[in-house]
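Visitor: Take a look at the letters that make up each chain.
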Amino acid sequence: MRQGLSAVTMTALALGYAFLYVPILLLVAYSFNESKLVTVWAGFSLRWYGALFENQQLLAAAWVTLRLAVISATGALVLGTLAGVVLTRIGRFAGRTLFSGLVFAPLVMPEVITGLSLLLLFVALDWSRGPATMAIAHITFATAYVAVVVQARLATLDRSIEEAAMDLGARPAKTFFVITVPMIAPGLLAGWLLAFTLSLDDLVIASFTTGPEATTLPMYIYSKVRLGVTPEINAVSSILIGLVAIGVLIASVALKVSEERRQRDAQRAAAPRAAMVPR
Amino acid sequence: MSRDAERLRRGRAAWAELAAQPFIRVVGVSKSFGSYAAIDNVSLDIYRGEFFALLGPSGCGKTTLLRMLAGLEFPTAGRIEIDGSDMTRVPPYERPVNMMFQSYALFPHMSVEQNVAFGLKQEGCPRSEIARRVREMLALVQLEPFAKRRPHQLSGGQRQRVALARCLVKRPKMVLLDEPLAALDKKLREKTQFELINIQEQVGITFVIVTHDQAEAMTVASRIGVMERGRIVQVATPAEIYEAPASRYVAEFIGDVNLFEGRLLDTANGTARIRCDDAACDFLVEQTVNAEPGATVWLALRPEKLAIDLASPEAGAVNQLSGTVLDIGYLGSLSVYHVQLATGKQVTAVETNRARLVRRPISWNDQVHLTASPEAAVVLLR
Ligand SMILES: Nc1ncnc2c1ncn2[C@@H]1O[C@H](COP(=O)(O)OP(=O)(O)OP(=O)(O)O)[C@@H](O)[C@H]1O
Ligand SMILES: [Mg+2]
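Top to bottom, those sequences are chains A and B. All residue numbers for the first sequence refer to this note's numbering, where the first residue is 1 and numbers rise by one. All residue numbers for the second sequence refer to this note's numbering, where the first residue is 280 and numbers rise by one.
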């Protein structure tokens with residue numbers, strides 16, 4: 001039931017949205033500012049976007065970030081899916097509660113602590129820090145997010161479909177790839193995109209675990225902002241916001257589609273139309 | 280129907296013949312979930328080509344037993360043999376058995392054709408043979424026009440056929456059906472029951488069907504195993520189960536029955552005399568009863584075996600009760616009379632309406648007489 005929007009709720013809604021999005025809108029608006037001074041509007045221009053592509057340092061950081069996001073999202077997808085499968089398909093086993101607690105802990109762990117502990121680990125192992133250690137760190141915390149999404153999808157999946165596949169002669173591994181994966185594909189896509197955007201905009205963990213030669217876009221932006229905000233930074237931030245927004249949008253659409261499909265299947269199973277027998 | 284008669288004869292021959300080797304042997308199988316015993320020491324023999332029904336109320340363990348035959352669940356104790364080899368701990372993908380699930384469990388992302396072909400692909404069957412066998416199977420279940428559709432584009436009845444085709448196409452040694460018709464409406468269900476029988480005859484595969492609908496079990500099965508709380512309480516043909524139930528539980532579960540508690544007076548030359556206080560009557564039953572005189576027994580009388588009449592029966596008639604008509608249910612082909620005896624006990628009698636309903640001779644509050652012949656009643660010890 002949808003209630004009519006009263007003046008009060010409208011105001012509350014507007015204030016809420018304003019609180020969340022006015023700063024971002026301002027940033028995006030000023031990225032189109034002609035003036036070099038961030039706070040003075042001097043007309044519309046795309047010159048700062050053009051300038052981005054001249055900035056080698058920035059392009060390098062963008063490339064590092066993108067590669068890192070793809071690699072860590074893929075790694076997190078694999079590990080998170082495995083965790084989701086273990087948590088939903090292997091019944092009860094010793095240490096299950098502990099395992100699920102450990103899988104989901106990074107969701108609530110302060111980033112500073114995750115970053116610091118990983119840094120200590122890498123130092124202890126004497127690994128040289130750079131893109132590889134950052135990827136490991138990102139996989140560590142993004143895995144939890146993927147596991148949540150995949151586990152939710154697997155838990156609502158009709159177990160008997162997988163059992164039917166095994167009954168028809170497919171081994172468990174084959175059943176997983178041929179039957180389970182296609183059915184949870186929207187959930188997997190959503191999980192990957194979630195991990196991708198998390199990696200894309202992470203500053204804290206990346207700063208802890210990177211080395212001198214690998215700088216990500218958020219790190220670059222942060223270091224520049226300390227010297228003062230430039231319109232160029234506004235432009236690159238706007239692009240980043242756009243990317244994240246698209247990722248989140250696709251992820252939520254994918255989840256919605258999979259949920260709708262699930263509900264439709266459940267409905268049809270519960271109340272099949274009986275007639276329509278071919279003759 | 281001569282074909283039904285033939286089916287009965289063929290089926291009956293298989294297990295009546297002592298030489299026949301059981302095709303599926305369940306030996307002392309138990310299954311516990313935690314401390315709960317879902318299946319409790321069940322032994323069962325099923326013969327080649329049988330249409331065997333497992334019948335019982337919800338939660339009695341039918342699905343669990345079926346899943347153990349499929350290999351989806353392993354017994355806690357006991358042994359399962361299929362065609363001479365021990366299958367107790369063989370995983371489902373290595374068993375010559377296919378199962379049709381209660382929810383059908385069709386693969387939603389595959390077409391009807393792909394669903395049916397799935398099992399053959401796992402065997403590594405050549406492409407051309409897969410295509411041919413899938414086509415044949417779709418023809419058998421009359422689904423050729425729907426080959427390219429996805430499961431969600433089919434009606435309930437059509438999906439049921441896809442599920443059946445999918446487990447038949449591999450030509451397994453045994454097909455397991457878990458409430459295959461539960462999701463269909465009454466008319467379609469009855470029609471499909473006969474189709475199932477026909478298909479089973481055509482393919483000649485052993486079928487084990489699970490159902491909690493006694494009429495369905497009676498219609499399709501050559502033998503029925505009645506289950507109660509994890510145990511099998513009787514295995515027999517539908518007619519035997521109906522006419523000679525092994526216990527009150529079976530008698531009440533299959534069809535309607537009037538039960539009287541009584542005391543065995545004597546058993547002379549194949550006739551038992553039973554005194555039933557709640558019927559205020561001594562019953563004569565032609566049955567050899569293995570119990571001492573004085574033992575508590577129960578008398579089961581099917582409603583259609585009670586003749587109902589307004590006139591008093593002639594003198595010397597046995598097994599007669601009298602009471603007043605409480606209620607009459609007119610069901611078209613039948614009339615059901617609920618009669619209250621002088622003792623307060625209610626008895627149900629059924630009569631077929633042979634003549635057209637011009638006048639109804641028996642009406643509410645009439646004093647009526649009920650009689651049962653000595654062959655009609657059954658004495659139960661449990
Ligand atoms: N995986 C399980 N874990 C725990 N208990 C179970 C499990 N599967 C079944 N049971 C229990 O075992 C008993 C038998 O279940 P089963 O599914 O075999 O019943 P059923 O005869 O098929 O009933 P229905 O007619 O309702 O399908 C039930 O009491 C059920 O709660
Ligand atoms: Mg069941």
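If you are wondering where the hints come from, they were derived from the structure by calculation, not from laboratory data. Be a bit skeptical, because a hint or two may be false.
Simulated crosslink set (EDC-like; lysine to aspartate or glutamate; CA at most 16 Å straight-line) [stated by the list, open to error]:
hint	chain 1	residue 1	chain 2	residue 2
1	B	K584	B	D545
2	A	K174	B	E654
3	B	K584	B	E654
4	A	K174	B	D535
DEER-style ranges, computed between Cβ atoms [stated by the list, open to error]:
hint	chain 1	residue 1	chain 2	residue 2	range
5	A	V248	B	R510	30 to 40 Å
6	B	S407	A	G95	46 to 56 Å
7	B	R428	A	L13	41 to 51 Å
8	B	N477	A	V248	52 to 62 Å
9	B	P370	A	P110	43 to 53 Å
10	B	G307	A	G91	17 to 27 Å
Just so you know, even glycine gets a beta-carbon here, dropped at the ideal spot from N, CA and C.
Visitor: It remains to establish, for every hint, whether it holds in the given structure.
Guide: Hints, verified against the model:
1. Note on B/K584 and B/D545: the hinted pairing is violated, with a Cα-Cα distance of about 23 Å set against a maximum of 16 Å.
2. For the suggested pair A/K174 and B/E654, the alpha carbons sit about 60 Å apart, so the restraint of at most 16 Å is broken.
3. Annotation: proposed proximity of B/K584 to B/E654 holds, straight-line Cα distance about 10 Å (limit 16 Å).
4. At most 16 Å may separate the alpha-carbon atoms for a hinted pair to count; A/K174 and B/D535 exceed this at roughly 50 Å.
5. In this structure, A/V248 and B/R510 break the distance hint of 30 to 40 Å, their C-beta atoms being roughly 56 Å apart.
6. In this structure the hint that B/S407 and A/G95 lie 46 to 56 Å apart at CB holds, the actual value being about 51 Å.
7. Distance hint for B/R428 and A/L13: a CB-CB separation of about 45 Å, consistent with the stated range 41 to 51 Å.
8. A beta carbon spacing of about 56 Å between B/N477 and A/V248 agrees with the range 52 to 62 Å that was offered as a hint.
9. Remark: the range hint 43 to 53 Å for B/P370 to A/P110 is upheld by a beta-carbon distance near 45 Å.
10. B/G307 and A/G91 have their C-beta atoms about 25 Å apart, which keeps the hinted 17 to 27 Å range intact.
The structure shown violates the earlier hints numbered 1, 2, 4 and 5.
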